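Chemist: Chain A is fixed; fit chain B with the ligands onto it per the hints.
In order, the protein sequence lines correspond to chains A and B. Residue 239 in the working numbering sits at position 239 of the first sequence, and the numbers go up by one each step. Residue 1097 in the working numbering sits at position 97 of the second sequence, and the numbers go up by one each step.
Hints listed in this document are in silico derivations from the structure and should not be mistaken for laboratory results. Quick caveat: nothing in here was measured; it's all calculated off a predicted structure. C-beta: ideal position from N, C-alpha, C; glycine also. Don't take every hint at face value.
[Said to hold, decoys possible] Just some of the chain A residues that point at chain B, by a computed CB distance under 8 Å:
id, residue
1, Phe92
2, Ile129
3, Leu155
4, Leu190
5, Thr195
6, Phe229
7, Arg230
8, Arg244
9, Lys251
10, Leu258
11, Arg260
12, Phe261
13, Thr262
14, Asp264
15, Leu280
16, Thr285
Number of protein chains: 2
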Amino acid sequence: MIERLETHVFETVAILGAGLIGSSIARACEASGAAKSVLIYDANEAVRERAKKIALGSICETVEEACTDADLVILCTPVGMIETAAKAASPFLKAGAILSDVGSVKASALNDMLAVAPSYAHVIAGHPIAGTEHSGPDAGFAKLFSGRWCILTPLEDQDEAYQLATAKLTKFWEAFGSTVEIMTAKRHDLVLAITSHLPHLIAYNICATAEDMEQVTEGEVVKFSAGGFRDFTRIAASDPTMWRDVFLNNKEAVLETLGRFTEDLAALQRAIRWSDGDQLFELFTRARSIRKSVIEAGQDTAAPNFGRRNQEDDTPAE
Amino acid sequence: MIERLETHVFETVAILGAGLIGSSIARACEASGAAKSVLIYDANEAVRERAKKIALGSICETVEEACTDADLVILCTPVGMIETAAKAASPFLKAGAILSDVGSVKASALNDMLAVAPSYAHVIAGHPIAGTEHSGPDAGFAKLFSGRWCILTPLEDQDEAYQLATAKLTKFWEAFGSTVEIMTAKRHDLVLAITSHLPHLIAYNICATAEDMEQVTEGEVVKFSAGGFRDFTRIAASDPTMWRDVFLNNKEAVLETLGRFTEDLAALQRAIRWSDGDQLFELFTRARSIRKSVIEAGQDTAAPNFGRRNQEDDTPAE
Ligand SMILES: NC(=O)c1ccc[n+]([C@@H]2O[C@H](COP(=O)([O-])OP(=O)(O)OC[C@H]3O[C@@H](n4cnc5c(N)ncnc54)[C@H](OP(=O)(O)O)[C@@H]3O)[C@@H](O)[C@H]2O)c1
Ligand SMILES: NC(=O)c1ccc[n+]([C@@H]2O[C@H](COP(=O)([O-])OP(=O)(O)OC[C@H]3O[C@@H](n4cnc5c(N)ncnc54)[C@H](OP(=O)(O)O)[C@@H]3O)[C@@H](O)[C@H]2O)c1
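For reference, chain A alone in the conformation it holds in the complex:
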């Protein structure tokens, strides 16, 4: 699904952070021709070494080297490191350069970038709704973003140059096979709180509960995990640093969503305790209708087995 462009979108793209997302962007640039040259920097020396070994592109030893000529600098670090990375990049941004990111939380990332970026650069935050539970430079692949949404949260009421920059960044993601959606950072953080952050929190929590159930040996929980629990463990296999940063930086929306979840769960608990079969049936039927909508929206297939084929055809998302 990645077609080669006839002309690049950007001459030079700098990627700071060569993990799952950064290395996937590097590979997608290569596959699509969206950038003429890609310069990669990672704060972790071992990651830089590994990135060289697997020939990810031009690996730089300093932020300066990566950013000086870049038309787009894209921060691919955990959300908690966006401030640090933006600070490191800012002195080297050229006039008209775009400073963007891929962080799973947008309001905090946007603020962190705006606080340090020079006025002659365009700050446009972004978030590809694509990922896997793996991290690091080896986990990335070019097609990760293909057929997926990418949300951009540009500032409102900006000049023409900024709007042109947003259009270019849109083109860049489209070159990877993504569909770009524009919304405010605040709205992004609320939508993602329910579609991504809460599900991850719940998955982590159920794993903790399972571990703590002393009457049941861990061996048995694991042994019979195919009953549903297994699917939660996959979600909970995601990187702890990344997710810690997500929850610390989207506190308000996550707590609001979690509050609703807890209220709903209390009602379910009551229905079970009082053997209210009708209420259970009604609620389970409603939940099913959301599944139907997900399938109709093409976000999953109705085939059993998660409707997933192999990584070549289809990829899970963050």
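Modeler: Same frame as chain A, but now just chain B with the ligands:
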């Protein structure tokens, strides 16, 4: 993975309830030769008609017709209908026949069967840890049980005939490629409460919460469901009747497990509210280790994308 047996395990097997599980057993009998003849009855006329149309086997018009000659009668109805089905079958059980089931809760099913079965029949409850989110006779397939666990919960301290019957039922499931595990009904219900029932309850609940979030249009929740939520909707696509019955019949273990889950969630909520990054990181890291155990136990693969291939190779479980 289903090899043809040289000799049948049973002459005649009666299946009551021709849905996902019942029709899969019929197909697996056919593929493995575990039964010489398979007689199928379903209380729902439309299901019987459909089963005839797709040539599932010998479809009977009455329970009597199905059960009179059967060496094994296996109840494949929702848990709430096991009592009714057992009552219907009991008058026709021959001496030495096995009365079994596949219900997702075992103590209640076992009691329901024991209450009505004649003393000359052997009641042995069972539960294959295999399934999909679909129901009905069309959803079944022969390989559903292949490479999966099947838990049997025979009564303790029984005579030799009973033990022989248990050994035969074990062989029957092994013929489908399952590995049989023996435990008490009570233990089954506790283990499954955490590995299956709680995950389903949580998945249903998060779907309800998502639906209720009015500030976020349903369209957006569905649109960006690939961020994690999608995977919960699949689990919540399961049959409402089946799951209502599970929760009504495994109340005690589910409420106990849910209580622990809620406590753990409150602690997580507090950690987020107080920005306790270390606690989040520590908990997320622990959760990850359970994932590692699941993979090491061969219950899932480390490949991203749920490690699932297609239905031919690998199947999801209940
Ligand atoms: N994983 C997903 O499914 C997914 C999906 C969409 C968006 N995202 C977002 O994408 C971002 C990256 O996630 P990821 O999964 O790619 O993480 P990852 O695989 O852990 O990669 C992040 C890389 O950034 C490096 N890094 C940390 N601080 C840095 C700095 N100041 N300058 C340069 N490099 C630095 C890290 O080095 P160390 O190894 O030393 O930390 C690491 O190599 C996160 O903000 C996440 O929220 C993730
Ligand atoms: N689905 C899974 O993943 C899974 C996995 C393991 C075990 N189980 C257990 O397996 C059992 C069956 O589940 P399933 O998914 O196969 O359900 P299903 O597809 O809904 O099939 C159940 C069938 O039984 C019929 N039935 C109801 N009462 C009956 C009676 N008294 N006599 C004869 N037939 C009757 C139903 O008719 P109607 O359509 O009229 O109700 C339906 O056709 C449940 O106890 C469940 O807990 C399910």
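Chemist: Hint by hint, where does the structure go against what was stated? Just the numbers, ascending.
Modeler: 1, 3
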